[in-house]
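Final position of the sequence shown in my numbering is 162; the numbers increase by one with none missing.
These are computed hints drawn from the structure, not numbers from a lab.
C-beta: ideal position from N, C-alpha, C; glycine also.
Fair warning: there could be bad hints in the mix.
To be verified - Straight line, CA to CA, 35 Å or less: simulated DSBU-like cross-link-like pairs of lysine-lysine:
no., residue 1, residue 2
1, K121, K49
2, K121, K140
3, K121, K144
4, K49, K113
5, K81, K133
Unchecked claim - Derived DEER-like restraints, expressed as beta-carbon distance ranges:
no., residue 1, residue 2, range
6, G161, K140, 29 to 35 Å
7, K72, F(-3), 42 to 48 Å
8, G(-5), E45, 54 to 60 Å
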Amino acid sequence: EASRYGSFIKGHYSDSVDNPQDYPTSGMGGANIGPEFTESEYCALKDVSDKEAALEAAGKLPSASGVPQALENAVVASGRWEKWRLPDEMGKPFAQLTEARREWLVRTGCRYIWTDPGVLAARKALYANLAKAGIDADSYVLDKIVAVMDKYFDKFNLRGTISRIEKELEAGL
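Go ahead and model the full structure; you've got the sequences and the hints to work with.
Quick look at the structure:
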């Protein structure tokens, strides 16, 4: 219906779908995939935090950065996790939810708290700790996010779009 007017439909909650390649062919002109980027960032931070914890346990670091706790604290303080409560969770404090559920809520809620001062400080400490061990945590995290972006560039046939847009803009000037 939208195509009759030269318009497209934007899909919401499009992240992690099984068939993103079908979006362009079905008339979808946009997709909300940002939450998947946050999940990849969270998972990458969890990976490097686990490496940091192993270094601390081996006595190779004086103390860990506390990134996992900083993320949880910021998500809980933001209150954004509340909208994802299940019926049997109503009225329960965050700490009383199952570990798996708390982890899901933090992973999902991180998109709202990346600039929280406590998160930024813990992340800076994490990267500094791992740099001492020769680990470039920042590049690792960015590579994980880029891998998700690349998936959509491929599936949505967006490779080379910047140069195509630049040519169109130059032709219109």
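The hints, checked one at a time:
no. : hint                    : result
1   : K121 / K49              : holds (9 Å)
2   : K121 / K140             : holds (32 Å)
3   : K121 / K144             : violated (38 Å)
4   : K49 / K113              : holds (18 Å)
5   : K81 / K133              : holds (34 Å)
6   : G161 / K140: 29 to 35 Å : holds (31 Å)
7   : K72 / F(-3): 42 to 48 Å : violated (28 Å)
8   : G(-5) / E45: 54 to 60 Å : holds (57 Å)
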